[in-house]
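Enquirer: Work the whole structure out from these sequences, hints included.
Listed in order, the protein sequences are those of chains D and R.
Using the numbering used here, the first residue of the first sequence is number 1, and each one after it goes up by one.
Using the numbering used here, the first residue of the second sequence is number 1, and each one after it goes up by one.
Calculated from the structure, these hints are not laboratory results.
Warning: the hint list may mix true and false statements.
Listed below are the simulated SDA-like cross-link pairs for lysine to any residue, each with C-alpha atoms no more than 20 Å apart in a straight line [to be verified]: (1) D:Lys-52 x R:Met-41; (2) D:Lys-108 x R:Leu-114; (3) D:Lys-68 x R:Val-100; (4) R:Lys-9 x D:Asp-2; (5) D:Lys-108 x R:Pro-107; (6) D:Lys-108 x R:Met-41; (7) R:Lys-9 x D:Gln-45; (8) D:Lys-56 x R:Gly-98; (9) D:Lys-52 x R:Ser-95; (10) R:Lys-9 x D:Gly-41; (11) D:Lys-108 x R:Ser-95; (12) D:Lys-56 x R:Glu-102; (13) D:Lys-56 x R:Pro-39; (14) D:Lys-52 x R:Val-96; (15) D:Lys-52 x R:Gly-98; (16) D:Lys-60 x R:Glu-102; (17) D:Lys-108 x R:Pro-39; (18) D:Lys-108 x R:Arg-44; (19) D:Lys-108 x R:Val-96; (20) D:Lys-56 x R:Val-99; (21) R:Lys-9 x R:Asp-73.
These numbers were taken from a predicted model, which means no experiment stands behind them.
Each chain, letter by letter, is given below.
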Amino acid sequence: GDSVTQMEGPVTLSEEAFLTINCTYTATGYPSLFWYVQYPGEGLQLLLKATKADDKGSNKGFEATYRKETTSFHLEKGSVQVSDSAVYFCAPGNSGGYQKVTFGIGTKLQVIP
Amino acid sequence: NAGVTQTPKFQVLKTGQSMTLQCAQDMNHEYMSWYRQDPGMGLRLIHYSVGAGITDQGEVPNGYNVSRSTTEDFPLRLLSAAPSQTSVYFCASSSVEGVVGEQFFGPGTRLTVL
Chain D
1 GDSVTQMEGP VTLSEEAFLT INCTYTATGY PSLFWYVQYP GEGLQLLLKA
51 TKADDKGSNK GFEATYRKET TSFHLEKGSV QVSDSAVYFC APGNSGGYQK
101 VTFGIGTKLQ VIP
Chain R
1 NAGVTQTPKF QVLKTGQSMT LQCAQDMNHE YMSWYRQDPG MGLRLIHYSV
51 GAGITDQGEV PNGYNVSRST TEDFPLRLLS AAPSQTSVYF CASSSVEGVV
101 GEQFFGPGTR LTVL
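Expert: Right, dumping it as structure tokens:
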């Protein structure tokens with residue numbers, strides 16, 4: 001079945017630092033890829049997505065590129081803010097088309113002023 | 001639109017008690033799912049439904065029942081609560097017309113079983 005590997009963290013960065021959270025996955029075919037974000041005390045919400053190889057998803061200053069050759073979807077942001085403190089989940093959509101998503105364990109990011 | 005709503009937000013049970021976690025969505029989504037979130041384990045799929053009257057087991061279904069009598073509602077029943085079911089539970093929905101795997105989540109129910 002599908003699987004995803006991402007660093008658990010926590011990752012602690014100073015404000016305005018560069019962020020990279022690595023994500024690699026295994027899947028049958030070429031699933032859509034997602035990053036979800038969970039702010040403290042809330043549910044998950046979609047941060048960005050990419051639906052095919054070489055697509056770049058972006059939102060709120062975050063970016064991730066669908067790399068088919070390396071089966072990766074690393075999340076990046078050039079300058080993090082305190083408000084970015086949250087847990088980030090990488091998730092390949094199920095390539096079987098049943099709307100089932102395999103989630104990574106989540107990476108907790110803490111940004112300090 | 002309210003999106004996906006869940007009740008209650010918090011619940012404390014004693015071992016052996018039963019209860020139902022409610023989930024509703026107003027987006028007319030066909031797919032609905034229940035996940036549990038535990039530290040260090042990410043989200044694990046409990047049960048899911050691809051439409052009214054159709055449900056199936058996910059990764060960790062034991063101790064839970066679901067039903068889907070309407071498109072809007074997807075309750076999760078704990079038959080006899082155990083401390084191992086202490087967790088945060090999330091309901092999610094998605095549309096067959098959307099990107100495969102794009103889900104909309106509720107705010108969660110934090111359950112403690114003593």
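Enquirer: Among the hints numbered above, which are violated by the structure, and what are their numbers in rising order?
Expert: 1, 2, 4, 11, 13 and 19
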